[in-house]
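**Q** Below, each chain spelled out in residue letters.
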Amino acid sequence: MTMFDIREGENKELILAGRFDASQVERARGVFLSLNEGKTVDFAQLDYISSAGLGVLLAAQKRLSQRGQSLKLINVNHHIRDVFRFSGFDQIFEIA
Amino acid sequence: MTTPAVQRDTSARSDVALYALLELSKALSSEFNLDKLLAVIVEKASAVVEAERTRILLYDDDEPPPPDIDRNLTNTGSVLRAPVIDSHGNVLGLIESVNKRTQASFDAHDESLMHALATHVAVAIERARMTKLHLDNQRYEQSLRLASEIQMRMLPSGTVQLPDSAPFAIHAFIRPAKQIGGDLYDFFWNDESLYFCIGDVTGKGIGAALVMAMTKTLFRAYAVFQYDPARLLSAVSARLYEETDPSMFVTGFCGFLNLRNGRLMYSNAGHEPPLIVRGKSVERLVSKSGLPMGALRSFKYVVEKTTLKPGDAVFLYTDGVTDASNHAEELYSVQRLREVVEHCPDSEPSTIVSQVAASVDRFADGTPQADDIAMLCVQYYGAQRPIEMAETFKRDVSELEDVFDLVNRFFAAAEVDDQVKYAVELAAEEIFTNVLRHNPTGGDQIEIRLRMEGDDVALSLTDFNAPPFDVHTEAPPVDVNKPLEERKPGGLGLFLVKTMMDRVEYHRENGNSTVTLFKRVK
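If you're matching them up, the sequences are chains D and C in order. The first sequence maps to residues 1 to 96 in my numbering. The second sequence maps to residues 97 to 618 in my numbering.
For the record, the hints were derived by calculation from the structure and aren't laboratory data. It is possible that part of the hints are untrue.
Unchecked claim - Taking lysine-lysine and the DSSO-like style, the derived pairs with C-alpha atoms no more than 27 Å apart in a straight line are:
1) K490(C) with K62(D)
2) K72(D) with K584(C)
3) K12(D) with K39(D)
4) K405(C) with K384(C)
5) K196(C) with K228(C)
6) K62(D) with K12(D)
7) K312(C) with K274(C)
8) K72(D) with K578(C)
9) K274(C) with K300(C)
10) K490(C) with K594(C)
11) K584(C) with K62(D)
12) K132(C) with K122(C)
13) K39(D) with K578(C)
14) K62(D) with K594(C)
15) K376(C) with K396(C)
16) K584(C) with K39(D)
17) K274(C) with K122(C)
18) K517(C) with K594(C)
19) K312(C) with K396(C)
The structure displayed is predicted, hence computed values, not measured ones.
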């Protein structure tokens, strides 16, 4: 099982990897809440996300939207795309 | 006055001879190889009695000493001959020296030297022979150990690890009474069927072991393409008849189990009928036994059929089990065997085999057994083996990793596709973290159980001694179309679970809350 990881990529994008579950949210929360500008978040290496991970993304999106900024998600696999669709999050995030 | 001179002379001669005898004695005590020992004797003996040459003749099993052999020393003057007699009074051979070098003939002094010499030689030869026997025995033991290892490696390992989804389980056990034995078993399977057999070669020792090896090889060679148990036994029997000693027979039982429907076709060649275990009922499997294999050039065995229901087991054994004896020379018996199998806590092959082995050992209580022991047990689970896994978890989010591990193992065993797995993983996390939020102080562990229920994966979580919480009614509704500013993370988890899974059931009993989520397997 891949460990959860969050790091900055070469083009200043955020890279999420592994499993973004309830036991991993604290570290991610710190990173997302420190964002002061819009970001591209690369999901290519992310295998799994639950409501705990969605909650962190939601909080970050809300905060950024107050400054007219937003998160843009790329390379989202179809499992995670389903989760976004079922939760209506596909309407509040730009998924490329 | 010549006498003192002669005396001096005799005394000087005596010193030389005694010195030579001592030399010989030293040489003999350090030489354990019989051939080298004889060479030393021949060389040194001539020095002891001042002979031109000495020869030694040893008798053996092929050439025993004549019954009327002269057990006394003989002195013809030119030939001095002494029998070599061991500590048991057996004549091992003769030692003979010819032509005294220093005077006309051997005298009384030479006779006593020769007598002493023969005594030394007897001890040395006896010791060399015993050493050789001991070394031979050691080498034999070593060869036997090697043969035993080779023999055991011919059989598939009795402990078989199969995936949980396998439609059967199998376990085998073998213990030769001596290092090598005449019992055998074999099995192999493919998606369609499981083949298994057990056999017992009459007789013991190396002969039986060789026939065992041959029988095992024949069984495997024919079983690969001959799926009819009666024809298989006939083919093996014919080859054994052709290629072994007429006094060698092999009793055997073989079966082919259809893994899709539990149909068992079997055939018996003079072997103990196996036991068939159906729940708590243990019966001997009815079989019209044919002759042992190898008895006739051609023999037609009968195919018999039965159907194993899921959970049924067949237990094969050799008579070393039922004929195991104790100090009082009582036999273990089929009756005892049945009782032990009846009292097994389950019908898992490894349980039955280990319980019987332990019971036989308790019964025998260290009494050396005359016969080899072999057992083989097969349990049929049905083509759709009910897969169920459960584990308990502490009330801590760090347990999630283990929760996912359980889900992973279940899906590996159930071989269900990924789409379903993602939904079940998510559901497991969400209902687990939900319990942590709603009942954080509960003292008991939380059980998560996964099973196949028809075409559904069923995921249950039980919170023991917990306040009621019905996911159905109490999970707050979520409007997924609200704009970002109005979205809240609360309730999202259970909402997702209800969306992604097909059906939710809630059950409350004795203060325990169980929520079960179903997901149809496509």
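**Q** Taking the hints in turn, state whether each one holds.
**A** Consistency of the hints with the structure:
1. K490(C) with K62(D): The given pair, whose Cα atoms are some 34 Å apart, is violated under the 27 Å limit.
2. K72(D) with K584(C): Roughly 19 Å between the alpha carbons, so the hint for K72(D) and K584(C) holds.
3. K12(D) with K39(D): 8 Å, holds
4. K405(C) with K384(C): Measuring from Cα to Cα gives roughly 22 Å; hence the hint holds.
5. K196(C) with K228(C): 35 Å, violated
6. K62(D) with K12(D): 21 Å, holds
7. K312(C) with K274(C): 19 Å, holds
8. K72(D) with K578(C): 19 Å, holds
9. K274(C) with K300(C): It holds: about 9 Å lies between the C-alpha atoms, which stays within 27 Å.
10. K490(C) with K594(C): 24 Å, holds
11. K584(C) with K62(D): 10 Å, holds
12. K132(C) with K122(C): This hinted pair holds, its Cα atoms lying about 14 Å apart.
13. K39(D) with K578(C): At roughly 23 Å apart (the allowed maximum being 27 Å), K578(C) and K39(D) satisfy the hint.
14. K62(D) with K594(C): Holds, at roughly 25 Å.
15. K376(C) with K396(C): 35 Å, violated
16. K584(C) with K39(D): 21 Å, holds
17. K274(C) with K122(C): 42 Å, violated
18. K517(C) with K594(C): With a Cα-Cα distance of about 15 Å, the restraint between K517(C) and K594(C) holds, given a limit of 27 Å.
19. K312(C) with K396(C): At roughly 20 Å apart (the allowed maximum being 27 Å), K396(C) and K312(C) satisfy the hint.
Checked against the numbered hints above, the structure breaks hints 1, 5, 15, 17 and satisfies the rest.
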